[in-house]
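Engineer: Letter 150 of the sequence shown, counting from 1, is numbered 226 in this note's numbering, and no numbers are missing.
To be clear, the hints were calculated from the coordinates, so they are not data collected in a lab.
Wrong hints could be hidden among the right ones.
[Claimed, not checked] No more than 30 Å apart at the CA atoms, straight line, and that leaves these computed lysine-lysine pairs for DSBU-like: (1) Lys138 - Lys224; (2) Lys207 - Lys188; (3) Lys308 - Lys336.
[Stated by the list, open to error] Here are the simulated distance ranges between beta carbons: (4) Ala246 - Glu323: 48 to 54 Å; (5) Ala312 - Asp196: 23 to 29 Å; (6) Ser93 - Thr213: 50 to 56 Å; (7) Asp162 - Thr213: 15 to 21 Å; (8) Glu351 - Gly209: 45 to 51 Å; (9) Asn274 - Lys138: 16 to 22 Å; (10) Gly209 - Gln347: 18 to 24 Å; (11) Asn274 - Glu160: 27 to 33 Å; (12) Asn139 - Ala246: 22 to 28 Å; (13) Lys138 - Gly104: 23 to 29 Å.
Quick reminder that beta carbons are idealized off the backbone N, C-alpha and C, glycines included.
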Amino acid sequence: MQGKIIESLAGFYYVESDGQIYQTRARGNFRKKGQKPYVGDEVDFSVKENSEGYILAIHERKNSLVRPPIVNIDQAVVIMSAKEPDFNHNLLDRFLILLEHRKISPIVYLSKTDLLEDLDDLKTVQKQYQKIGYYFTYYLEDLIPFLKDKITVFMGQTGVGKTTLLNTLAPDLALKTNEISDSLGRGRHTTRAVTLYNIYGGKVADTPGFSSLDYEITSSEELNAAFPELLKLSAACKFRSCTHTHEPGCAVKSALTQRKIWEKRYQTYLQILSEIENRRETYKKVLKRK
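All chains should be modelled from the sequences, with the hints used to inform the complete structure.
Structural biologist: So this is what it looks like as structure tokens:
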């Protein structure tokens, strides 16, 4: 039989096939091969009547995320809060960079706008991201049409309201949420498993909240490719390997001077470029010690 893994919990994989859900385990040979099934995987599996099944083969994946562990994603809704926690440009850019690198289409959804007296500042931010090409909204009715026939991951910093949003979209799920801790300023999130839910004609994943992102981006070229507006301009740079920092004939720096690109995004680019270079230097020092 063939199906899709829709939940992974405590060593069990729940596979959906022809409208039925089967409880399965992974064969031991996956561990020997260094493989592991993930939510979103298309799999071949066997099942006997009145007993659990076994996953036999994992089909090729089109993409994946490590945190959360989910594969074959069509799009990701990055949920950022307007307040509690405050909107964070840098963190949003880091989510977008990760998604660009993973070839996953992003949608930016702003939650908790009711906690603001006005939305003028955020509307300015919205225009900047839309200019780059990102869909950015704070209205639930704008988000719903994007879910049909898609596998969507809801992702964001802990406490921004991912599970609350899912409960609004599908009240029957009654997913558990916890409030922001006043003492820590962090959400006590209760999500324990990655699960795909059937919502508005598509499948949506609620995932554990996290506030830091690990990157596989190890070079200025990869980082440049993860900024659509810089990638477009960089074709006109004098040097193919231009880092947009000190090189002459840099089209990105020229556009920055002319205010054709957003300085906040450029500052994020410089910060992450510095992090990449520092990691590289640290790695070199470690190698020298050996």
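Engineer: Are the hints correct? Go through all of them and say.
Structural biologist: Hints and how they fare:
no.: 1; hint: Lys138 - Lys224; in the structure: holds, 19 Å
no.: 2; hint: Lys207 - Lys188; in the structure: holds, 23 Å
no.: 3; hint: Lys308 - Lys336; in the structure: holds, 12 Å
no.: 4; hint: Ala246 - Glu323: 48 to 54 Å; in the structure: holds, 51 Å
no.: 5; hint: Ala312 - Asp196: 23 to 29 Å; in the structure: violated, 34 Å
no.: 6; hint: Ser93 - Thr213: 50 to 56 Å; in the structure: violated, 34 Å
no.: 7; hint: Asp162 - Thr213: 15 to 21 Å; in the structure: holds, 19 Å
no.: 8; hint: Glu351 - Gly209: 45 to 51 Å; in the structure: violated, 25 Å
no.: 9; hint: Asn274 - Lys138: 16 to 22 Å; in the structure: holds, 21 Å
no.: 10; hint: Gly209 - Gln347: 18 to 24 Å; in the structure: holds, 22 Å
no.: 11; hint: Asn274 - Glu160: 27 to 33 Å; in the structure: holds, 30 Å
no.: 12; hint: Asn139 - Ala246: 22 to 28 Å; in the structure: holds, 25 Å
no.: 13; hint: Lys138 - Gly104: 23 to 29 Å; in the structure: holds, 27 Å
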